[in-house]
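Those protein sequence lines, which keep their order, are chains A and B.
Quick note: the first sequence uses the numbering used here, first residue 1, plus one each step.
Quick note: the second sequence uses the numbering used here, first residue 1, plus one each step.
Please keep in mind that the hints were generated in silico from the structure rather than gathered at the bench.
Honestly, I wouldn't trust all of these hints.
List time: in silico BS3-like cross-link candidates among lysine-lysine, alpha-carbon distance up to 27 Å [said to hold, decoys possible]:
(1) A:Lys-118 / B:Lys-21
(2) B:Lys-237 / B:Lys-22
(3) A:Lys-76 / B:Lys-21
(4) B:Lys-240 / B:Lys-19
(5) A:Lys-113 / B:Lys-238
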Amino acid sequence: MNNIILKAENLHYSYTKEHEVLKGVSLDIYEGERLAILGANGSGKSTFFLNINGVLKPESGAVYYRDKLINKSSIKELRKNVGIVFQDADNQIIASTVRAEVSFGPMNLGLSKDEVTKRVQDSLNYMGISHLIDRPPHYLSGGEKKRVSIADIIAMDSEIIIFDEPTASLDPQNISIFEEVLGKMSLDNRTLIISTHDLEFAFRWADRIVVFCAGNIIADSDPITVLANQEVLKKANLKKPILLEVFETLVENSVFKADAKPARNIEDFRKMFISQIS
Amino acid sequence: MAHQHGGYFSIDLYAFNSKLKKINPEYKLISALITLILTIVFNNIFVSAYILFLMFFITVNLGGMDIFEYISMLLAPLGFIVLASISIAFGLSFEQAGEFYIKIFNIYIHTSRIQLIEAFELMIKVLACVSIMQSLILSTMPYEIINALRSMHVPKLIIELMNLIYRFIFILIESYINMRNSAISRLGYHNFKSSIFTFGNMAGNILVVSLKKANAYYTAMEARCFDGDLNFLQEEKKLKKKNLVLTVLNILIMFAIWIFTLNYGF
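Just chain B, with the same shape it has in the complex (with noise of 0.2 Å):
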């Protein structure tokens, strides 16, 4: 899956590392958005496979990631998206229903070709939305997204617990390892019980720590000056007309496939 380093796996990696990281990331928020909207809202499936292929193109050709790392990327998401189209596909009954059916005991667990099909297109239409998203996220990274927001005006309150909350999960996670790697050489984990008596343990020392951080971390704010505002400079990335012609093409791209295929269906 991701890459290993210093002991956790980190997702925003692949953005430090994408050919896309210079491009303007309020042009790749929106954009995204735009496609992630009309892709639900044409609720087609051709539409949705074609976002799937443009999307994988982005980013493993475009962006350069490792095309086994993005399958595999993609399909964690799957797992839960195949959990929940089971249950729309197959439908419980006590009596006799559906075009197809297997009968357990007295309940029969039926489904029809209709009902197939949509799980599908269902099916689909979520991976291509998910694969918008993960393509936002593999290029550009968590805080440049945080700062896009604030620009597009999101309230001040929740653009700044979403850059502390990012920096925290690190110092959090790093507390964990530490203090994990020290339960292991004590044998906290040798048997099931101990490992439940660790694991409490940890989780409430996290918490204690978290407390203690962020104590730490107001007085070092307001060393600094700090007056209730939290305000960072910026990089800042020149939108290009290519990139803006791009996404015009790419809407009208989708509306054309959704035109087209308008009268075919299963």
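Extracted from the complex, chain A is given alone in its bound form (with noise of 0.2 Å):
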């Protein structure tokens, strides 16, 4: 296993008095892996993200970016590192021009301004939208806004990036322009984080699965494990990935052996199936 990159200790937070929206939670991200978390509306996952990133301070807990204790004056550190790419991108652009606003992170970082531009200039590139630089936000499409908030936080060179519900307003082809991306991103060896209420890619995508349930973590493990668990998935109010459910089907009516290992995505189990049947 690589080591632990972020590491978050009891958690607790809560907005009002009444209701507590963490309490209590604890998780160790390793580096380079790809962690998806799941859970309802509204179960903590992006207060929880706030958190992780140095924007809201928790009521207690800890925070250790490698092995180190987040306090206030490592703050800056911490969301330099750390970066969240929001849920709509319209709460995310601030600038007038896709060149100011992807900007806007390095330079609060105090980089040259030579260095500003380059790292703008790479992050359009990789993103594969050079051609929008001098485009003024609004007169942007939602992909292409999605992909500017992105692009925003890979000029920052943050060694985590976190996903809020990334996929939720992208229609199929920017979804798989996004997966490329990822892909990529994990080639760079970043750390990749995604919330997402999309299980069937949690299933293919993730190499770890987080459960939120009520501001508690309520499962922690590979995706064959969080998502097969009956208990889980009821509490959480989740479904079962088709994919899995199928394989199930074929192990219980004795297609596949019992011990055989499910397949995460469409072309593993195709060749599985092919190579049983015939």
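Once you've looked at the hints, go ahead and assemble the two chains, each given alone in its own frame, into the complex.
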């Protein structure tokens, strides 16, 4: 296993006195891993993200970045290294051109102008939107805005990138572009955390799945273990991915052996199935 | 009038499509301001007329804007200018006064040749001044103007407010359009009473939305290491010598027109 890059220890957080949103969340995040976070709306995912990015300060509990406890003086370090791509790109884009928008993070890091210019260029290239550099954000389509909001974070060169429900408002074409970008980022050994309601996506993409339920973590394991666990699924109101459902039906009917490992994407499944029946 | 984009009018699309976009914005702002001040100071109808034509030439011929759109753009403020000029051209009195007058009941509405000429000159002057500002805004994106103001040392607070207001205008317009569409689809405007009711609700909601959005924005800005200063990278546009020469030439022409027509008046 890789090194722990970020460690959250027993985080408590509440917006109002009556309702505690995080009720003691502990989570280790490993370098370079692909972590999917599942859970119903209001289960505390977004609040957790803001806590580990340093925007919100936990009422109790601690956040460690590379074994270093985060306090007031090191909070900028945390924000620099943990980037959040917010759910609604319109709530993130603040500048009046794509160039200015992407430069906002690097400028805040106090980099030189040349370095900022280079980073803006590079991150726009990374997202394949260099041609939009002079565009005002209000003349972009939804998918383009999303890509700009991701370029925002890439320009900051964060080691951990958090995506808060990134696929919620994207069409299928933009989702596949997004998945390509995720693949590219994984190759660059960035740590990726994605909260999503798309179980099929989480099942095929993630190395590890964490399930939030009412401010607690109720499951933390590899995708197959988590999504095959009826109790967890019921508690968090999740539905088993269809691929896993089909696989289990085939095991029940002795098409696959009982100890066979479930396929996590359709290509693997096809290979497995064809080799079994022919 | 303006282009329709995503359901709303937006004047800054003209600047985005203008051929004069590439020119250094600081230069454009300063030369527009100098021209504006000179036009006001000279207070000369020939200078004003020259500026009016010059701005037309700059925006339509050099900027590549559609001539009819330019005229309709200029007609929008004309209504206000005419209304304002009427109050200068005409006076009210209970006694007979002025060179020409109309008597309605006991009130005389009167005017004179000098008053009419004065009003006409004023109208041309104001129209010229408006056209200077319009040709600036039709060739320069608002954020470039804001940035040019920043480099002219306008206080940072004002600059940052301008930046955020400009961005927020579009966000609020979008929220408004969404709300209006959903209100229309639920018959929110089917009669006068319901229209007023819907409008009131929407105004209140927009306020709440703007507060919520402001909050979400602040969070997103903090997440990107915001520490109190809004700094953005701007594209650098080189100032060309040719442009400077043209501005100086323009100022000289204005002076020349002023001097030659100094003794000429109505």
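For each hint, the structure was consulted:
Distance restraint check for Lys-118 of chain A and Lys-21 of chain B: the Cα-Cα separation of roughly 23 Å lies within the 27 Å cut-off, and the hinted pair is therefore satisfied. A hinted pair counts as satisfied when its Cα atoms are at most 27 Å apart, and Lys-237 of chain B with Lys-22 of chain B qualifies at roughly 7 Å. Of the supplied pair hints, the one linking Lys-76 of chain A and Lys-21 of chain B is violated, its CA atoms being roughly 37 Å apart against a limit of 27 Å. Only pairs whose Cα atoms come within 27 Å are accepted, and Lys-240 of chain B paired with Lys-19 of chain B is accepted, the gap being roughly 15 Å.
Between Lys-113 of chain A and Lys-238 of chain B the CA atoms are separated by roughly 17 Å; this keeps the pair inside 27 Å, and the hint holds.
The structure fails to meet hint 3 from the earlier list, while all remaining hints are met.
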